[in-house]
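Enquirer: For reference, the chains in residue letters:
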Amino acid sequence: MKKGNILEVSNLSVTLNREEIIKDLSFQVEKGEVLIVLGPNGAGKTTLLKALLGSIPYQGDIRWASNKISYLPPNELLMRREMLPLTVEDFFSLKGVDIREVKENLESVGLNEKMAKRRIANLSTGQFQRLNIAWALAKKPEVLIFDEPTSGIDVGGTETVYSLLHSFWKKYGMTIILVTHDLNIVWEHADNVLCLNQKGLCYGPPRKLLTTKKLEELYGAGIKHYEHKYR
Amino acid sequence: MDDKILLAMIMTSSIGAVAGYLGTLMLSKRMALVGGPLGHLTLPGITLALLYGFDVSIGAFLVLILGILLIWYFERKTRLPMEALTAIVFTSSVALTFLFLPAEEVEIALIGNISQLSVEAALLSVVLSLIAFVMVERVYKKMVLAAISEDIARSEKINVGRVNLIYLLAVAVVIGLGVRIVGSLLTAAIVAIPAATSKNLSVNMKQYAYGGAIAGGLAGVMGIMAYQMMGIPAGLAVILCSSLLFLISVVFQRE
Numbered sequence: 003m004k005k006g007n008i009l010e011v012s013n014l015s016v017t018l019n020r021e022e023i024i025k026d027l028s029f030q031v032e033k034g035e036v037l038i039v040l041g042p043n044g045a046g047k048t049t050l051l052k053a054l055l056g057s058i059p060y061q062g063d064i065r066w067a068s069n070k071i072s073y074l075p076p077n078e079l080l081m082r083r084e085m086l087p088l089t090v091e092d093f094f095s096l097k098g099v100d101i102r103e104v105k106e107n108l109e110s111v112g113l114n115e116k117m118a119k120r121r122i123a124n125l126s127t128g129q130f131q132r133l134n135i136a137w138a139l140a141k142k143p144e145v146l147i148f149d150e151p152t153s154g155i156d157v158g159g160t161e162t163v164y165s166l167l168h169s170f171w172k173k174y175g176m177t178i179i180l181v182t183h184d185l186n187i188v189w190e191h192a193d194n195v196l197c198l199n200q201k202g203l204c205y206g207p208p209r210k211l212l213t214t215k216k217l218e219e220l221y222g223a224g225i226k227h228y229e230h231k232y233r
Numbered sequence: 012m013d014d015k016i017l018l019a020m021i022m023t024s025s026i027g028a029v030a031g032y033l034g035t036l037m038l039s040k041r042m043a044l045v046g047g048p049l050g051h052l053t054l055p056g057i058t059l060a061l062l063y064g065f066d067v068s069i070g071a072f073l074v075l076i077l078g079i080l081l082i083w084y085f086e087r088k089t090r091l092p093m094e095a096l097t098a099i100v101f102t103s104s105v106a107l108t109f110l111f112l113p114a115e116e117v118e119i120a121l122i123g124n125i126s127q128l129s130v131e132a133a134l135l136s137v138v139l140s141l142i143a144f145v146m147v148e149r150v151y152k153k154m155v156l157a158a159i160s161e162d163i164a165r166s167e168k169i170n171v172g173r174v175n176l177i178y179l180l181a182v183a184v185v186i187g188l189g190v191r192i193v194g195s196l197l198t199a200a201i202v203a204i205p206a207a208t209s210k211n212l213s214v215n216m217k218q219y220a221y222g223g224a225i226a227g228g229l230a231g232v233m234g235i236m237a238y239q240m241m242g243i244p245a246g247l248a249v250i251l252c253s254s255l256l257f258l259i260s261v262v263f264q265r266e
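In order, the protein sequences belong to chains A and B.
Using this note's numbering, you'd call the opening residue of the first sequence number 3 and step up by one each time.
Using this note's numbering, you'd call the opening residue of the second sequence number 12 and step up by one each time.
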């Protein structure tokens, strides 16, 4: 593995139910990098994350230089949070973490230890998404993998989630691999972007690659974008 | 209270408690009704036991293990939902059973019978229930996380296949023991009802898990008392008492 890289993917192909979802995909991620995976629905973004986690069978090569990986599909959690009477404290205990150990992270996301006994089903969606971030960071992971962390929450909540992720990234310098549909986030936070439409359509810095032509290729004609001048 | 009733009470409450505890996980995996098909899966084993005169729990357990291993293998191989695979295996086993089950034994196979209970069988049931409890307690949190999301569980380095297998083996033990009391027809009730009762009354995971055990154990004690006082079949009495506890929990439900 090349020095400085935390992940190397070569010639990755994933076939599920006899359908080729990902075809011959190669990319690499450096330590501390923010990689954003873009693509239309059904492009294989979640499948890619599952392959990276080793949850599904694949062909090709996936090499990690770290095993401190935290994965979060917040939408899935949101849907299932009422399944059991879990308190905030219980939720952390599933990760083997005592809530007192994560006091600082909880406060950083606007929650506190006093909420330990509250049921996660009774938290607002915004509170729950922020709790997810604190949960994902609980064991100080070197890599954070987030699958659409803001689906189902409003614009204000979305802004909060991404600024929180950004501040934790600045503080801890972990690698972030993020699936999102939000192009603003790509311009603001991504070091590299991977455009996925079964096979990798493009991979590299957003400023270089995210042209109107590429986006049309990715999402179909009719998409408009405005390049941001800041990051 | 005579010794036989005391023995039946100890055995039934032990099995009921562990079944309730395991049931809290089944409810979280949205597979509470899997207990039913698994109970039916025991029918060929019970039939063999009744035909050749050995303990019904042994027959039930052996066939159940075979069935569960088949379901586990099919799941890994096909990735079909466990409920669907359980249905395939259990319907086949029910069909097979009724080819051989003598008509006069049908009631025992379907709703259980504790009248011939021996001290050895009761003690063995208690010990096996305890073993199943300890097995599941060790993987309980991992199972909860896997029930929420198998991908998250894997990213937390949990061997999901392994914990599922441990859980299913414990379920097999409890269902195998449970058929002695409630028969193969009603096993879903001993895992599903106490868990649902506990969910209504608990405010955190610990209360929920142990609440399932308490509700299951209590239904066992009440059921055997009803069996002794009213002479109704023990299995039916246990289930009805469990349903009564559930109704009470609905009234006192906590948010």
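Treat each hint with caution, since some may be false.
To spell it out: a stretch of chain B is covered by chain A in this simulated footprint if at least three of its residues, at any positions, have a beta carbon under 8 Å from a beta carbon of chain A; those stretches are [to be verified]:
{"#": "1", "stretch": "51-59"}
{"#": "2", "stretch": "214-223"}
Cross-link-like lysine-lysine pairs, in silico, BS3-like; alpha carbons within 30 Å at most [claimed, not checked]:
{"#": "3", "chain 1": "A", "residue 1": "70", "chain 2": "B", "residue 2": "152"}
{"#": "4", "chain 1": "A", "residue 1": "4", "chain 2": "B", "residue 2": "152"}
{"#": "5", "chain 1": "A", "residue 1": "142", "chain 2": "B", "residue 2": "168"}
{"#": "6", "chain 1": "A", "residue 1": "105", "chain 2": "B", "residue 2": "15"}
{"#": "7", "chain 1": "A", "residue 1": "25", "chain 2": "A", "residue 2": "70"}
{"#": "8", "chain 1": "B", "residue 1": "15", "chain 2": "A", "residue 2": "119"}
{"#": "9", "chain 1": "B", "residue 1": "152", "chain 2": "A", "residue 2": "25"}
{"#": "10", "chain 1": "A", "residue 1": "70", "chain 2": "B", "residue 2": "168"}
Partial list, derived from the structure: chain B residues whose beta carbon lies under 10 Å from chain A [unchecked claim]:
{"#": "11", "residue": "38"}
{"#": "12", "residue": "90"}
{"#": "13", "residue": "126"}
{"#": "14", "residue": "129"}
{"#": "15", "residue": "149"}
{"#": "16", "residue": "152"}
{"#": "17", "residue": "162"}
{"#": "18", "residue": "173"}
Because the hints were derived from the structure by calculation, they are not lab data.
We treat Cβ as the ideally placed atom computed from N, Cα and C, and that holds for glycine.
Enquirer: For every hint, state whether the structure bears it out.
Expert: Against the structure, the hints:
1. 51-59: violated (count 0)
2. 214-223: Three-residue rule met by the stretch 214-223 of chain B, so holds; n is 6.
3. A/70 - B/152: holds (20 Å)
4. A/4 - B/152: violated (38 Å)
5. A/142 - B/168: holds (15 Å)
6. A/105 - B/15: violated (55 Å)
7. A/25 - A/70: With a Cα-Cα distance of about 27 Å, the restraint between residue 25 of chain A and residue 70 of chain A holds, given a limit of 30 Å.
8. B/15 - A/119: violated (44 Å)
9. B/152 - A/25: violated (37 Å)
10. A/70 - B/168: holds (10 Å)
11. 38: Status holds, d = 8 Å.
12. 90: Residue 90 of chain B check passes; min Cβ-Cβ to chain A is 9 Å, inside 10 Å.
13. 126: With Cβ-Cβ at 39 Å, over 10 Å, it is violated.
14. 129: Where the cut-off is 10 Å and the nearest Cβ of chain A is about 39 Å from residue 129 of chain B, the hint is violated.
15. 149: Given a least distance of 13 Å, the restraint on residue 149 of chain B is violated.
16. 152: This hint holds: residue 152 of chain B lies near chain A, its Cβ roughly 5 Å from the closest one there, short of 10 Å.
17. 162: For residue 162 of chain B, the interface hint holds, since the closest Cβ of chain A sits about 5 Å away, which is under 10 Å.
18. 173: violated (15 Å)
When held up to the earlier numbered hints, the structure conflicts with 1, 4, 6, 8, 9, 13, 14, 15, 18 and fits the remainder.
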